[in-house]
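Here's the letter readout for the chains.
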Amino acid sequence: MQEVLHGVEGFMYPDEVELQWSLLIVLYPYITGLVAGAFILASLERVFKVEAVKPTYRLALLTALAFLIVAPLPLQLHLGHPERSFEMYLTPHRTSAMAMFGFVYLWYLMVVLLLEIWLDYRKEIVILSKSKTGVMKWVYKAMTLGSDNISPGALRVDDRVGYVITVIGIPSAFLLHGYVGFIFGSVKANPWWSSPLMPIVFIFSAMVSGIAAVLVIYVATTLLRKEQVDMRCLDTIARYLFYAFVIDFSLELLDLVHRIYEADESFHTLDFMVHTRLYVSQIVIQIFLGTIVPLLLLAATQLARFQEAARRRIYLAASVLTLAGIFAMRWNVVIGGQLFSKSFLGYTNYKLEFATREGLLPAIALLILPFLILWGLVKLLPPWPSKEAAA
Amino acid sequence: MRIWKDAGHLIRLALLLGMLVVAFLVIRRAVIPEGFGRYGHFRPAALEDVRAHPIHFAGRAACEACHPDVMELKQKGKHAGLSCEACHGPLAKHAEDPEVKPVLPKVVALCSRCHEANSARPKWFPQVNTKEHSGGESCEACHKPHKPKFGE
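Each protein sequence line maps, in turn, to chains C and D.
Per our numbering, the first sequence starts with residue 68, numbered consecutively.
Per our numbering, the second sequence starts with residue 25, numbered consecutively.
So here's chain C without its partners, still in its complex pose (with noise of 0.2 Å):
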């Protein structure tokens, strides 16, 4: 009994003194919305023709596709069975925004991305099929689906068809991960997450985390390609990662003030916890480290002018900092509602094991995964014109 309650402050009742929701759950919010993210910022070439991001349209859609395969695993890891998740499909419970996730989630995949990849490299595809030898020349054949017909015509219709799924795409992104916001906002016996702007800081803070990932993964990919990074694209970048940030920090403060304003009974409980079980992830990690930091660094690149490489590293450093400062958010709100008494009298603790089903180990291959697959994906659909062919 002692052993258990090591950590518990206070008067907890006794289903809350172990954590229900892990790590894994952390993994959830932070994955979906990298994927939100990460298509939003593929929909600005395609819908609202910022041209300079061209050079990350593909890549943005592969890196959407690569972590939403990933997506549903945490939960199911979580849940455990997961035999069972496909009897969601199957005897649908319309009353449970939870139990929905499976027809949000096909949507999404089967709708939106994998339709957008599919018309937008239908050409490639086609090609490829003829080119290639062995297998993998079948592979691309049957996702021909039996047409090779890439005449300017049908590639037109592509083109248009994709411009509509991509406008259908944008709200279907929202609603991913405003869904999951929902998810948390959405219970309203915890004062930490009840709350109407949850899912609207969740599709902000997604939308700031994908840029982030996608730009990330553009430099690594161009240097590790021995190629040029594009300037004016990752300037671009840049520029609308500051832009979604200021709002994402808008609306959180908004939050914040609107909490502190009103103050309600939880107030004191939640402003204790802050300050003490959740400083370092909220204060030092989220706030300042994940957010106060690369704003003033990405403000800095708009107000002041710097050379090629220092603007590379800069923008390189405020998404990464930006990156963990998503997580520490997707932290601070699934494992922070979980540390507090509802009584708002007492606080437990979260261990975090290693070598468990929920532990760290299998979140740090959760999080490889989606590069694996992104590297599968990148070898299948080069997102990136080939040399040969530049040549």
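Hints in this document: simulated from the structure, not taken from any laboratory.
Keep in mind that a hint or two might mislead.
[To be verified] SDA-like mimics (lysine to any residue), calculated; alpha carbons at most 20 Å apart, straight line:
hint : chain 1 : residue 1 : chain 2 : residue 2
1    : D       : Lys171    : D       : Arg84
2    : D       : Lys29     : C       : Gly220
3    : D       : Lys147    : C       : His73
4    : C       : Lys190    : D       : Ala38
5    : C       : Lys208    : D       : Leu34
6    : C       : Lys190    : D       : Leu34
7    : D       : Lys29     : C       : Asp215
8    : D       : Lys147    : C       : Pro81
9    : D       : Lys147    : C       : Glu83
10   : C       : Lys418    : C       : Met340
11   : C       : Lys418    : C       : Glu83
12   : C       : Lys190    : D       : Asp30
13   : D       : Lys29     : C       : Val228
14   : D       : Lys29     : C       : Thr211
It should be emphasised that the depicted structure is a prediction, and the values quoted were computed from it without experimental measurement.
Please arrange chain D on chain C, whose structure you already have, making use of the hints.
Leaving out everything else, chain D in the frame of chain C:
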């Protein structure tokens, strides 16, 4: 029609998606248990499954029927609201056949489950540091479990 010629691949895609939807509907029809949703979001046969589970707890009324003396004593004390089987464990077999003798609980472990001093418990709740409080004596040397407070 030129548009159909140029959109042939999209028709193939639509057919493929249509086939997937049909396959899903066929699987759905085959695997959903009969009568699912008749009484709520579960299969009706689950009620039978639950009913078939062996009963472990006899319930307070069964205890009262044979042990009125204990019940009378208990009702005067602080433990009046506790169910008998909360401490004695499930006793359906004993209630059915009194020859099946229940195993008496280990008193120190049982009492300290609720009364060991702990900062997470409400302050008004009686709690002691067992080692200091009893000096190694068993709880029932001084307290009657069915009416634990002195002078009640």
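_Are any of the numbered hints broken by this structure? If so, which, sorted upward?_
none
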